[in-house]
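Colleague: Use the sequences and the hints to build the structure in full.
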Amino acid sequence: MSEDRLAAKTMAEELNRINVRRQNIGSSIKAEVLSRLTDEYLADHKLVLMSGQEWHPGVIGIVASQVAETYCRPTVLIGINEGMGRGSARSVPGFNIYELLNIGQEYFLDFGGHEGAAGFEILPENIEKLQHKLTNAINERLKAADLVPQLEIDAVLEPEIISLNLIKGLDQLAPFGEGNPPPVFLTQGLTLIDQRTVGKDGRHLKLWLEKAGNRLEAVGFGLGPSASKARVGSKYDIAYNLEANEWNGFESAQFSLIDFKEVG
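The opening position of the sequence shown corresponds to residue 1 in full-length UniProt numbering, with each subsequent residue numbered one higher.
One or more of the hints may lead you astray.
Keeping only pairs whose Cα atoms sit at most 30 Å apart, straight-line, the calculated DSSO-like set for lysine-lysine is [said to hold, decoys possible]:
hint	residue 1	residue 2
1	Lys261	Lys168
2	Lys168	Lys133
3	Lys143	Lys229
4	Lys129	Lys46
5	Lys261	Lys46
6	Lys235	Lys168
7	Lys200	Lys229
8	Lys46	Lys168
9	Lys235	Lys261
10	Lys261	Lys143
11	Lys46	Lys206
12	Lys206	Lys261
13	Lys206	Lys129
14	Lys46	Lys229
If you're looking for bench data, these hints aren't it; they were derived computationally from the structure. What you are looking at is a predicted structure, and each value in this text was computed from that prediction instead of being measured.
Modeller: In structure tokens form, the structure reads like this:
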């Protein structure tokens, strides 16, 4: 019996390490995607379609879901590995992403899906052609009013209850993706202690906040342009995803900022 418990413990630890690595890979891809989502890009595109070298096909669907939910735009991400592009598409409520992609099926080597999500294989040289065709098609199908994000909060958390144990408990809800998005949390009435933009061209935003003696650090990938809205000394409500971040063998809670709002 003791050997069974040891084997189960070893397996659980390995599964946790695998999940942390998967989350780190997803965070890296998400950061790259969000760094490209400038205000100019969003103003010109109703469809987010991006590709990247060595984007892991096992996590781009999760990232596509997060981007689609945050920016209220159908999202197609394509990972290019060993000369082949593998894409994952995620939609927004009321829009059929399968029908849209079907318009470009001439470029696919393999293709399948449904209204809310789809996947495909494509040669890298055909990605630009696909983007042109889908961009023209979506402009006829979506209006600007359809692109207003609606953020759904799963739970309100106080800073003192947020821990690695809580985050690892959330892993029991994984895998996240279409039909099972990562939970979005809200913490209210935080005082902004400091803020700065980070990354290339200040693309990302880092906030240091405090409430009742509890301090936290949140990173908003792609939110650098919103830095002017973050005023030190003011109070804010923040919406975020929680992830475990591993750096130099040390694990900590990572607050992936989705949005923030100043409150009285």
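Colleague: All hints are to be evaluated individually against the structure, with a verdict given for each.
Modeller: Each hint tested on the structure:
no.: 1; hint: Lys261 x Lys168; result: holds, 28 Å
no.: 2; hint: Lys168 x Lys133; result: violated, 42 Å
no.: 3; hint: Lys143 x Lys229; result: holds, 27 Å
no.: 4; hint: Lys129 x Lys46; result: holds, 17 Å
no.: 5; hint: Lys261 x Lys46; result: holds, 25 Å
no.: 6; hint: Lys235 x Lys168; result: holds, 29 Å
no.: 7; hint: Lys200 x Lys229; result: holds, 20 Å
no.: 8; hint: Lys46 x Lys168; result: violated, 35 Å
no.: 9; hint: Lys235 x Lys261; result: holds, 8 Å
no.: 10; hint: Lys261 x Lys143; result: holds, 26 Å
no.: 11; hint: Lys46 x Lys206; result: holds, 27 Å
no.: 12; hint: Lys206 x Lys261; result: holds, 15 Å
no.: 13; hint: Lys206 x Lys129; result: violated, 37 Å
no.: 14; hint: Lys46 x Lys229; result: holds, 25 Å
Comparing the model with each earlier hint shows violations of hints 2, 8 and 13; every other hint is respected.
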